[in-house]
Amino acid sequence: MSEDLDCPVPARPQAEPARGSSRPAVASLVPGLALVLALAAAGTAVGKAFPLVGGPVTGIVLGVLLAVLKRPGARLRPGIGFASKRILQASVVLLGSQLSLTQIVHVGAGSLPVMIGSLVVCLAAAYGIGRWFGIVGDLRTLIGVGTGICGASAIAATAPVIGAAGVEVAYAVSTIFLFNVAAVLTFPLLGHLLGMSQHSFGLFAGTAVNDTSSVVAAATSYGRTAADYAVVVKLTRSLMIIPICLGLAWLVRRRNRDAAETTARPRLQVLKLVPGFLIGFLLMTTANSLEFIPAAAHHGLSELSVFLITVALTATGLSTDLAALRRTGPRPLILGACLWVVVSVTSLVLQFLTGSL
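0 is the number of the first residue of the sequence shown in numbering that gives the first Met the number 0; add one for each residue after it.
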């Protein structure tokens, strides 16, 4: 996409290159962006009417459906590509405004072993089971981080780090959504069956359900106290995006080291390791931790972040290659089911072992 936008536009010798090349580049984004924004707005409206579904999932579904009816032409592709990459990165930066390093202290030491333990087991299971099923690395990574951390937001943060294809992002988001719905419908029943307290169920929902909207839906049906605690646990769990993305960036750099072997200075290599948008995410999280972001602005920033994620995922849906999706087959869906069970069971076992069940 960037190569298309950076190609110089033929001009008279007297024309100014900088101005002459920038205007067509910006103008070429407008048709695709307009389409994506319109679909994202519709997806957001549906998501507000049906919180269990949410705007991001609705947006990607609308994008896929439109791609089925009529694949976007060359005039729309620059704007769609811009939305699926640059706006996606901006949404991840804004996501940091909702997180605070001090939240780890607030949830208490008792909940950290459950959160970290379930995440480690989930990622290990994603790698092992995914390889056993023969699922390509990027797709099993997206499903793993989506299940283990925070659903679509984690997928959105991880995809540009590992260079995942749009079809893989679409499949991962759809898989995570399916088991979000299953969790909302079954977890409250399971909690009552096990006689879990409000605090225990809040910890369970916060560590075993993926997207924040689904965490709220599941925990609220159990009780207000459970919902309040589950949200704090869930936001703290979202902080794991930071080390996971850094680790994945290092692995990708190491995997491609032979192809990009240079004698560059070590400092430059370290700087290249960290994606720019992740630095923005860290700065935003730090600013929120230091209370530089006013409390009154949190809701607006949260809404904007979710909308930008919806925009980016809508663009991903429009870019989806359905033939490639069909070739992928049902194995990633089976992997998602396995990881959902693994995370749920691990969370309950760790709660039992730590005395928080």
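Derived by calculation from the structure, the hints in this document are not laboratory data.
Watch out, some of these pointers could steer you wrong.
What the hints assert, rightly or not - Straight-line distance between alpha carbons at most 30 Å, and here's what the computed BS3-like set of lysine-lysine pairs gives: (1) 69 to 47; (2) 84 to 47; (3) 69 to 84.
Going down the list of hints, with the structure as the test:
1. 69 to 47: holds, 27 Å
2. 84 to 47: holds, 25 Å
3. 69 to 84: holds, 22 Å
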